[in-house]
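K.L.:
First to last, the sequence lines map onto chains R and Z. The first sequence begins at 1 in this note's numbering and counts up by one. The second sequence begins at 1 in this note's numbering and counts up by one.
Among the hints, a few may not be true.
Here are some chain R residues the structure puts well away from chain Z; computed CB gaps all over 10 Å [stated by the list, open to error]:
no., residue
1, ALA38
2, THR79
3, ASN114
4, MET118
5, HIS219
Okay, the calculated bits of chain R under chain Z, using three or more residues with CB under 8 Å as the criterion [claimed, not checked]:
no., segment
6, 121-131
7, 237-249
Note that these hints are calculated values from the structure, not bench results. Note that this is a predicted model, so its numbers are computed, not measured. By construction, the Cβ of each residue, glycine as well, lies at the ideal position given by its N, Cα and C atoms.
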Amino acid sequence: MSIQTGELPLGRLPQNTADRTAIRAHELRKVYGSGDTAVAALDGVSVDFGVGRFTAIMGPSGSGKSTLMHCLAGLDTPTGGQVLLGETELTQLPDAELTRIRRDRVGFVFQSFNLLPMLSAKDNILLPLELGGRKPDQQWLTTLVDVLGLQDRLTHRPSELSGGQQQRVAVARALVGRPEVVFADEPTGNLDSRSGAEVLGFLRRSVREFGQTVVMVTHDPLAASYADRVVMLADGKLAGELLEPTPETVLGALRQLGA
Amino acid sequence: MRRSILSSLRAHLGRLIAACLAIVLGVGFGTLAMTAHASASHGIDETIGRQLAGVDAVATPQNASITAKDVAAVRKLPQADSVVATTSAYMQVTWAGKVRPGSLGVQARYDTSRIAGPSAIQGRLPDSTLEIALPAKVAEKNKVALGSKLRLNTYNDKSFTVTVVGLLDDAATVGPSDAVATAQTVKIFEPEGSINDLRIAAKPGVSQEALAAALTGAVGNNLEVYTGKAYIAHVVEGYTHGIDVLGGVFGMFAVIALFVACLVIGNTFTIVIAQRTREMALLRCVGASRRQVFSSVLAEASVVGVVASAVGVVFGVALSAIGLALTREFDWGIPKIDLHLDLASIFLPLVLGTIVTILAAVVPARRATRVAPLAALRPDTAPVAGSRAGVLRLILGFVLIAGGGLLLGVSANSNQVLVGVAGGVVSFVGLLAIGSLLVPALVRLLGALPARGGGVPARIAVGNAVRNPKRTAATTSALLIGVTLISLTCVGIASVRKTFDTTMDDQYPVDLMVMSYNEKMPASGEQQLHNIKGITQVVPIRTVAMKAGKESINVTGIDPATGATVIHNADLIAKLKTPGTALLDYSTMKMLKLEDGSTLTLVSGHQKLTLKAYVATGLDPVTVSLPDLEKVAPQPAITGYWLASDPKADGSDVMDAVQESFPTVKELSVGGGLAERTMYTKIFDVLLIVGIGLLGVSVLIALVGVGNTLSLSVLERTRENALLRALGLTRRQLRGMLAIESLLMALVAAGLGIGLGLLYGWTGTMALMGGQTATGDVEYALPVGMLVTIALVAAVAGLLASVLPARRAAKVAPAGALATE
Numbered sequence: 001m002s003i004q005t006g007e008l009p010l011g012r013l014p015q016n017t018a019d020r021t022a023i024r025a026h027e028l029r030k031v032y033g034s035g036d037t038a039v040a041a042l043d044g045v046s047v048d049f050g051v052g053r054f055t056a057i058m059g060p061s062g063s064g065k066s067t068l069m070h071c072l073a074g075l076d077t078p079t080g081g082q083v084l085l086g087e088t089e090l091t092q093l094p095d096a097e098l099t100r101i102r103r104d105r106v107g108f109v110f111q112s113f114n115l116l117p118m119l120s121a122k123d124n125i126l127l128p129l130e131l132g133g134r135k136p137d138q139q140w141l142t143t144l145v146d147v148l149g150l151q152d153r154l155t156h157r158p159s160e161l162s163g164g165q166q167q168r169v170a171v172a173r174a175l176v177g178r179p180e181v182v183f184a185d186e187p188t189g190n191l192d193s194r195s196g197a198e199v200l201g202f203l204r205r206s207v208r209e210f211g212q213t214v215v216m217v218t219h220d221p222l223a224a225s226y227a228d229r230v231v232m233l234a235d236g237k238l239a240g241e242l243l244e245p246t247p248e249t250v251l252g253a254l255r256q257l258g259a
Numbered sequence: 001m002r003r004s005i006l007s008s009l010r011a012h013l014g015r016l017i018a019a020c021l022a023i024v025l026g027v028g029f030g031t032l033a034m035t036a037h038a039s040a041s042h043g044i045d046e047t048i049g050r051q052l053a054g055v056d057a058v059a060t061p062q063n064a065s066i067t068a069k070d071v072a073a074v075r076k077l078p079q080a081d082s083v084v085a086t087t088s089a090y091m092q093v094t095w096a097g098k099v100r101p102g103s104l105g106v107q108a109r110y111d112t113s114r115i116a117g118p119s120a121i122q123g124r125l126p127d128s129t130l131e132i133a134l135p136a137k138v139a140e141k142n143k144v145a146l147g148s149k150l151r152l153n154t155y156n157d158k159s160f161t162v163t164v165v166g167l168l169d170d171a172a173t174v175g176p177s178d179a180v181a182t183a184q185t186v187k188i189f190e191p192e193g194s195i196n197d198l199r200i201a202a203k204p205g206v207s208q209e210a211l212a213a214a215l216t217g218a219v220g221n222n223l224e225v226y227t228g229k230a231y232i233a234h235v236v237e238g239y240t241h242g243i244d245v246l247g248g249v250f251g252m253f254a255v256i257a258l259f260v261a262c263l264v265i266g267n268t269f270t271i272v273i274a275q276r277t278r279e280m281a282l283l284r285c286v287g288a289s290r291r292q293v294f295s296s297v298l299a300e301a302s303v304v305g306v307v308a309s310a311v312g313v314v315f316g317v318a319l320s321a322i323g324l325a326l327t328r329e330f331d332w333g334i335p336k337i338d339l340h341l342d343l344a345s346i347f348l349p350l351v352l353g354t355i356v357t358i359l360a361a362v363v364p365a366r367r368a369t370r371v372a373p374l375a376a377l378r379p380d381t382a383p384v385a386g387s388r389a390g391v392l393r394l395i396l397g398f399v400l401i402a403g404g405g406l407l408l409g410v411s412a413n414s415n416q417v418l419v420g421v422a423g424g425v426v427s428f429v430g431l432l433a434i435g436s437l438l439v440p441a442l443v444r445l446l447g448a449l450p451a452r453g454g455g456v457p458a459r460i461a462v463g464n465a466v467r468n469p470k471r472t473a474a475t476t477s478a479l480l481i482g483v484t485l486i487s488l489t490c491v492g493i494a495s496v497r498k499t500f501d502t503t504m505d506d507q508y509p510v511d512l513m514v515m516s517y518n519e520k521m522p523a524s525g526e527q528q529l530h531n532i533k534g535i536t537q538v539v540p541i542r543t544v545a546m547k548a549g550k551e552s553i554n555v556t557g558i559d560p561a562t563g564a565t566v567i568h569n570a571d572l573i574a575k576l577k578t579p580g581t582a583l584l585d586y587s588t589m590k591m592l593k594l595e596d597g598s599t600l601t602l603v604s605g606h607q608k609l610t611l612k613a614y615v616a617t618g619l620d621p622v623t624v625s626l627p628d629l630e631k632v633a634p635q636p637a638i639t640g641y642w643l644a645s646d647p648k649a650d651g652s653d654v655m656d657a658v659q660e661s662f663p664t665v666k667e668l669s670v671g672g673g674l675a676e677r678t679m680y681t682k683i684f685d686v687l688l689i690v691g692i693g694l695l696g697v698s699v700l701i702a703l704v705g706v707g708n709t710l711s712l713s714v715l716e717r718t719r720e721n722a723l724l725r726a727l728g729l730t731r732r733q734l735r736g737m738l739a740i741e742s743l744l745m746a747l748v749a750a751g752l753g754i755g756l757g758l759l760y761g762w763t764g765t766m767a768l769m770g771g772q773t774a775t776g777d778v779e780y781a782l783p784v785g786m787l788v789t790i791a792l793v794a795a796v797a798g799l800l801a802s803v804l805p806a807r808r809a810a811k812v813a814p815a816g817a818l819a820t821e
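Given the sequences, and given the hints that come with them, work out the whole structure.
P.N.:
See below:
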């Protein structure tokens, strides 16, 4: 595999992205259970995520941040409201359509259990593309692998990789198809601080250099400080937001939520 | 501990249900076999007991037949109250609508005041001469109504007309039974009639033993004497021997089914325990000893075993009750018997089923004890069962395969069937032992194609199928047993049949030989025979009496060209086509003191014919080509026909039709190989159907196992599947993935099983038949159609087995499954 240095083939330069919306939630509601035992995990959330922006969703546990992400990503069906991915309204789509959207237009990085144990690192990275029958862009793949430092690890099985390496493979997989949005659910939750910083650094780099849109759920103020913007959630409702966050401002905002 | 076992049973009942199903099927089948056997034996006991009611002692011919003197001596015995000498005559009977007569035994009616005898269900028993009562089934079959007349002939051509006055109750008898006439009538039919047996009823107060002793004193040592009870047992034994053999075969199949169930259950427990590693570890953490963990697993298995076996017994009894009710309802030529339950046929399957379940759980239970308490504390224990194949086990496997193969080779060469069976079992066990190595390799090999062409889901399916080699091997083994045995049955029976066919062609080169000794064949004879369905070729033959030296012999001439179409022996045809050749059967050859290839001179009137003589089995005494015959006997008359029949036609129908042809010819002789061929074809067909049917049960159980393994694997891979779904695997692709996994296992089992079936079937044929044929050669059949069917059925069944697990897997919402820790 040839190593490309110097200029990166910038597939998507940020161009006039600040005012375009990648994904939008409108009056999103999600109720679990029914009758007396009904619990509203999301209670009318409306929020936009801009193209080429790195947004963190924060909130105390039980605030509905994971549910919000699942509904945004088409993993879960909301009880009410709409989700617009680009021009596509997700909430009314049948399962097969949602699956296709997840495959072709969205990328995922989960907290743990990101990789399939019987596939090599490379096969794991290419999985979403192959599921859709798409050919990978070799140059882009090489770039990703180089930048993530996975050149020597491509033939390894997940069990032969460290936690940080596994998570970097997951990031590569999320990015390889150039999705409209990458969703990351506590991507550093299971990592030591150094590996966590590497993964977060790369997520931010993908936004800055490749114009990727990233939405990340986290409860770690340090992780949130890598984002351009932090959206606060409490009791299933929007509870404010921060722009250009630092760990201190995030912590302060969290304290204000009474967490 | 008891509470923990019960609650864990409750919690995991769903996962054990498939294992229960396997036990239910195995035990149910065993119960069915045993109940059917018990009912049949009991039914025969009852029937024979009823037929011999009142008989206290019996004398049957042994070294000598029973004479009138014997009868007189017995009648004088003070202990005897009633003495019956049963006699019968054998007659030919002309049924309406039949061209040629059938045979009928006529039993003399006797005094039934003390000793049981035939009873009439319609009309009455005969009172005067030339009256007869027919068995009801015989009357029904030949459409004889009460009051009609029948023509009976003795074998020395005396003819009688009798009136049918009654129909006998023969509902409980098997096979043909005798008609009844008065003793006087039987005496008229057969003045020298022999006595079949003596039946004696004792005076009150005389025991059977005392009577038998007195009887022995009266008749001496030339007759066999039994007490009434002993005689019933003797007769019953004669009938039940066959049933016992049948019961043994059934039992063997039931054991096979239970063994397969054992594999399935063992595999289920292994998987369930692997999935409960953390639970086991937690038990150990809070202070459970290894022994407690072990016995808790076994206790769980016992409960499952007892419950499932009980359900199986009920299921089996219900099935046999339904089956017997059906045989009573419809006439299938089997006697009607009632359901009879004995303790053995209920408790043996129950106990065996439970033991098998517990045995199957021992290995998994031991594995459970090896779980370290720390495993409970590890955050993310992936439930992976140990999948390193024991080296020892592999070595043992290879040794067993080599040893078994050696035994198979020995048996094939020395025609020792038992050695062959041992070799087969040993090598198969060896194969099962290396299954964890062999099966994944085969799955990979077979999976290469879909993996390349079918995209990611297919590749993942192959990966999943080989991920846990032991599990895959155990699942496949269960199926392998059934498929191997079914293929073995198909291949073996096809090969034995083909070998038989070849030897039959040697012994009976002609299917049907129709001839009359001294009557004229009708002019349209050839066409009449041609019109019979199932007859493909008709070639007329001409027989002329000639002299060979002093001996007078019949010489048959056949046109060599057309004769080739009815003689299934290329060698004989070639000889017949050489002018100047005579084919002689062995006894004629011997009579004329000829050797193969020596010269035979036939004389007809003043003409002489010199031929070279060769031995030929299965043709006429002397067979020559028609041109040779016509040299000495111009324009001989047609005296018979040689026929070829369609192998697919029903042989007995064809023979019946041929028998019924030519009403003008009184004595028509029908010979040839078709009769024997029809008989063994029927036997083979029945064997094949019974074998496949019985083995089908074990295949069914194995398929339950495949479905079970899949659903447990699916449970285990919930998160993995959720991840795949999150990354864009459609539901349909997920279902397809599981279908491919299941299909791979089924096809590997089918392929391996068919291969083994061929190997074992052919070796078995060699061992079984090698000593039976003249040359020691056997024919190896490759029943392609049947084997392809087996593979197809296995594939379809494999796909079906994946349906439920796949549905369950596809139902899981990706978000929910990813969230569960």
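K.L.:
If a hint holds in the structure, say so; if it doesn't, say that too.
P.N.:
The hints, checked one at a time:
Distance to chain Z confirms ALA38(R) as a non-interface residue, since its nearest Cβ pair spans about 17 Å, more than 10 Å. Against chain Z, the non-interface label of THR79(R) holds: every CB pair exceeds 10 Å, the least being about 14 Å. In this structure ASN114(R) is not separated from chain Z by more than 10 Å, as the shortest Cβ-Cβ distance comes to only about 7 Å. A cut-off of 10 Å between C-beta atoms contradicts the statement that MET118(R) is not in contact with chain Z; the least separation is 4 Å.
With a closest Cβ-Cβ approach of about 15 Å to chain Z, HIS219(R) is found to remain outside the 10 Å limit, as its non-interface label requires. With 5 residues having a beta carbon nearer than 8 Å to a beta carbon of chain Z, the segment 121-131 of chain R meets the requirement of three or more and the stated coverage holds. Only residues whose C-beta sits within less than 8 Å of a C-beta in chain Z count toward coverage, and the segment 237-249 of chain R has 0 of them, not enough to reach three; the restraint is violated.
Violation of the numbered hints given earlier is confined to hints 3, 4 and 7; the remaining hints are satisfied by the structure.
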